[in-house]
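Protein chains in written order, with the working numbering: chain Y, 1 to 384; chain P, 1 to 384; chain Z, 1 to 384; chain U, 1 to 72; chain B, 1 to 72; chain C, 1 to 72.
No lab work stands behind these hints, which were simulated from the structure alone.
All clues given are correct.
Taking lysine to aspartate or glutamate and the DMTMM-like style, the derived pairs with C-alpha atoms no more than 20 Å apart in a straight line are:
id	chain 1	residue 1	chain 2	residue 2
1	P	K144	Z	E5
2	Z	K144	Y	E5
3	Y	K8	B	E3
4	Y	K43	Z	D256
5	Y	K144	U	E3
6	P	K134	C	E3
7	Y	K144	P	E5
8	Z	K8	C	E3
9	P	K44	Y	D256
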Amino acid sequence: MNIIESFKSLWTETGLAGFLAAGGWGNLVMIFVGLVLIWLAIKKGFEPLLLIPIGFGGILANIPFAGIAHEGGFLYIIYHMGIASGLFPLLIFLGVGAMTDFGPLIANPKTALLGAAAQLGIFATLIGALLLSKYVPAIGFDIKDAASIGIIGGADGPTAIFLASKLSPDLLGSIAVAAYSYMALVPIIQPPIMRLLTTPEERAIEMKQLRHVSKAEKIVFPIMVLVLCILLLPSATPLIGMLMFGNLLKECGVVDRLSNTAQNELINIVTILLGLAVGSKLAAEKFLTLETLGIVLLGLGAFCIGTAGGVLLAKLMNKLCKDQINPLIGSAGVSAVPMAARVSNKVGLESNPHNFLLMHAMGPNVAGVLGSAVAAGVLLALCR
Amino acid sequence: MNIIESFKSLWTETGLAGFLAAGGWGNLVMIFVGLVLIWLAIKKGFEPLLLIPIGFGGILANIPFAGIAHEGGFLYIIYHMGIASGLFPLLIFLGVGAMTDFGPLIANPKTALLGAAAQLGIFATLIGALLLSKYVPAIGFDIKDAASIGIIGGADGPTAIFLASKLSPDLLGSIAVAAYSYMALVPIIQPPIMRLLTTPEERAIEMKQLRHVSKAEKIVFPIMVLVLCILLLPSATPLIGMLMFGNLLKECGVVDRLSNTAQNELINIVTILLGLAVGSKLAAEKFLTLETLGIVLLGLGAFCIGTAGGVLLAKLMNKLCKDQINPLIGSAGVSAVPMAARVSNKVGLESNPHNFLLMHAMGPNVAGVLGSAVAAGVLLALCR
Amino acid sequence: MNIIESFKSLWTETGLAGFLAAGGWGNLVMIFVGLVLIWLAIKKGFEPLLLIPIGFGGILANIPFAGIAHEGGFLYIIYHMGIASGLFPLLIFLGVGAMTDFGPLIANPKTALLGAAAQLGIFATLIGALLLSKYVPAIGFDIKDAASIGIIGGADGPTAIFLASKLSPDLLGSIAVAAYSYMALVPIIQPPIMRLLTTPEERAIEMKQLRHVSKAEKIVFPIMVLVLCILLLPSATPLIGMLMFGNLLKECGVVDRLSNTAQNELINIVTILLGLAVGSKLAAEKFLTLETLGIVLLGLGAFCIGTAGGVLLAKLMNKLCKDQINPLIGSAGVSAVPMAARVSNKVGLESNPHNFLLMHAMGPNVAGVLGSAVAAGVLLALCR
Amino acid sequence: MAEGFVLMVVGMSVVFAFLGLLVGAMNLCATFFIRFAHWFPEAPAKAAQPAQKTDDCTAIAVAIAAIKARIG
Amino acid sequence: MAEGFVLMVVGMSVVFAFLGLLVGAMNLCATFFIRFAHWFPEAPAKAAQPAQKTDDCTAIAVAIAAIKARIG
Amino acid sequence: MAEGFVLMVVGMSVVFAFLGLLVGAMNLCATFFIRFAHWFPEAPAKAAQPAQKTDDCTAIAVAIAAIKARIG
Ligand code: NA
Ligand code: NA
Ligand code: NA
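Next comes chain Y alone, as it looks inside the complex:
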């Protein structure tokens, strides 16, 4: 060991040398992508709780020679401990369940169907991904990849991460980034579609006050959903089960200390680790491809089609039932809780400044979470 050699050896392992080496530009670009995600999160308010950790994880994973996302690196360890195993998304779902009030859905059950219709985006996008693979030579999504891309349309982060980590772990980074980015863009993506598909009269429809939901009903609800899921679709029970477990902790009223921890410290710790680990999947060779562009475009399509599906079913239901629904709440069926429900409320106020749709939109909004978990269950059962 002498001084010159030591400096040389350090120099060959600097990031500068790494970026100048063959393929190093890819890492540089990915670090820039990570910085952009962080900038979007901080300055533009794009889902900062997730995109800051994901962006930072992406930067760390692309540092030349550090091997943070390779075997033995700490992001590799976190990824395998928490995401490959499915634990982190399920623990996030536990916390989400403990934070969610299903009251608005229980008070107006039929809005659950809007949350079903909005899942159309998932399956349409799946077909789109297969079409793209067929007609664009540089893109080669198989059925598992297509399913993982489709789930972006579920507008639900943990579901997307859970499914993609099982079916297409290599695409996990881009899928999660697309899902969270579009969830942040919901206030921009949805309103034009909502206005296009509805008349001003429809947008002004006032809905009748939601009934009061008793404590007992709220306790029975998570059990009921779980039982239904067990009977119909066991492959969705990890997701639905943890969501309902969290909700039961919240509603039962006798384990508030567990419920509070699930919706605060536990979900925060897991969010930090999950974000970093998801970011560690932003590897240059996987991300800087035409396929990522395909995922971005398909993801946008997924959100648009899901929005349209929800709105159109609401209009159809108005044709069939006498109890009128404001079709603007249909768009909330994509989930993206609570952003999409707020969008419904805001667009509704434009047409009728006394028409507060927020609580009405929360019904399809939370139903959308169930809907996309069910869709994920179907995809897990049939695409594995």
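For this one, chain Y is given, so just place chains P, Z, U, B and C with the ligands on it according to the hints.
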């Protein structure tokens, strides 16, 4: 892949199909058992912090085709990470230690003997389990199983889970359920035994005010207990060590942030995961056997004998010492902190409405925790 | 199994028997060492957050026959999960980053150089360790051991643990104990050196008020440091990256729930587990050697040389620049945040009772954390 | 491609079946809970609390007694 | 031994290079942020908040409306 | 069966031995701490705090000085 086949394939993997298949009824019954545990926890107040997660874990573990408790499933992973390794019960003990005030025991040392006598239930039940195996053909407990069943009489959840996970993991589910259920039933099980074994005069004995215990004594206490345990019984030091570590964090007064985290967020997170993982051991083929009925009966016996042991030793001590003890505090020696001490207080008030035994009963109550950890150490050392 | 034999078997596994067996005195001495660490922590206020868990871990690891730190024991599991993998020190760094305000450094950038000079202690001690190995026959540190011992001079716990666990896991226990002990002794070690190397006039120098640092600068700072580290020294990016990630969570202002969890519950949980796991490396056969004495002496030297390095560079800078620096803040460059900065302030007040150096000393103080992480990166890159 | 259409038909059917059945179940449940509302006085989870409350009162009484004893 | 001196020279050089460059970067950064301070009105992270604030106001308004509706 | 009785005898002996010795140790300890109570003024853990308190006072003083400097 065509539509009909896909529906068929989904149908063959529904819970409905699973329950109708050979052996499926067992899962159905276990799900019902899980629901009953949740109902007992919510409506009847049976140790909800543990029985809700355990019940939910039992439901999830019995969903056909979901494989949540099988290799690769998330409850399997949690179980192996936290229970097979012994970590979760030890972390719970850390939190319990940080929540426990040993002051009442230090103020009246000889009540520690009551906490020893009440461990009689553990060993009597162990013998009972062996007897049952000998005379009932359908029941075949070996010495390890018998030891794990006996520990139910320790009336201490983490100790029971720690021991059973080492000696008889297959019985862990039923043992934990029995232990927590009987702990919840202490106000019903103990009073008749206490009244039967004492005279009204004994029950009215007033005890002299506990002396003040200085901070220094409270700091020295956990160290002293640990040193004693090291000298006498190393096999009990994981349990006793973590309990005393938690207590030292609490009493030393210079690491309050660690103590607070240990007794709040950490214990809550671990409780959620431990409960689910324990529930994952409620497998139909292990639970729906005559052996479980045996465990339930033996567990009840364990609580009764432990209660009697504590009360009778108190009466004996009154014969030998001039400083009189109200024998009602003997029953608190089974642990079940703080329920058993409350029961002593309540029964005492019936005989003498000015006789508050709560603080006096806390001495044997916390000594009982030490006693059952010591008993677990002996069983670990001799039955492995 | 009969009674006599059982008692005999228990007796052969008591701690008493263990201590009396060959080599058992070592465990006894180590338990005493653990008790001394706990006493220093509680009574003398020596870094209690770390030394209580480390001391307790040391006791648990040295219990004969319990095997708590051997394969299958719970401290072994915690060690491998959290320290061998590097996770725990990195998570601590995340929390430290979320607690650190780099404002004083940003307001007076050139004080960063003091944080560089104070790292002289690391490398001088490394040379000292090699010298000792050469001239003392009973001591045989290789280059990895020497690097791990040198890092004590970084006066930064997580960095020392991270580096030592990678290069010399067998010395981890003594290195961590030395590092934290000397950090606690900073108020005793540093002042004589500071007074020796400075004149009363120098000690009385008043520094001009620090400028206000805007929010935007504080957000850009962690990104800037990370980018620099990526370009120059990828091997330091796990440490620097997590520190800066934590700091970004704090400063960006949009993810306060993550920042709060990182600097409270998460760091507390990890501190408890990390301390116990570090303590589990206090094995008698490794600790009760002349090498440990060497480490203790070298560690003291490291702190002294680092202190001198910082003070002397400050004096040199005063020769070269017109903007005068009080050389007392140079000693804060060793890190030991915030103790060393408080020492600068206190010694400064002795010479000039109106001269508050605390905020000025925070600059080199936090720069010292960066400096020792960089030094660790160099050692990792060249000594592996 | 064909697979995609199969998945869409099957997937949307299952999603609608699930949420449709859930609508039915919620309606049944609502009927039940409105019909038998008197069985479930609001805050049913509090059932277990009165017992505790008495205990806590006792605890307070004990504490007061203890303080009195120590002072007196 | 020689290794130790090599490590000291290399190590201290890298530490000084790193923190020296950081000093330069901080000075540049300070110049930039002081020169263009008007681009960064204090509390820049609040940019995203007004939107939320309106939403929250809406939420409160909704809640009030809901309460009125339930009472009236 | 016989094993069970062996375990009961051995187990209960150890439990009583452990808690019995603990009684002895607690009594010794109590004698010691009552005899030498003056060595342990209540709140002994506070020993380390005065130092910190001064430091905190210093910190406050510094802060006040800083504010004054910035205002003035
Ligand atoms: Na959805
Ligand atoms: Na017990
Ligand atoms: Na340092």
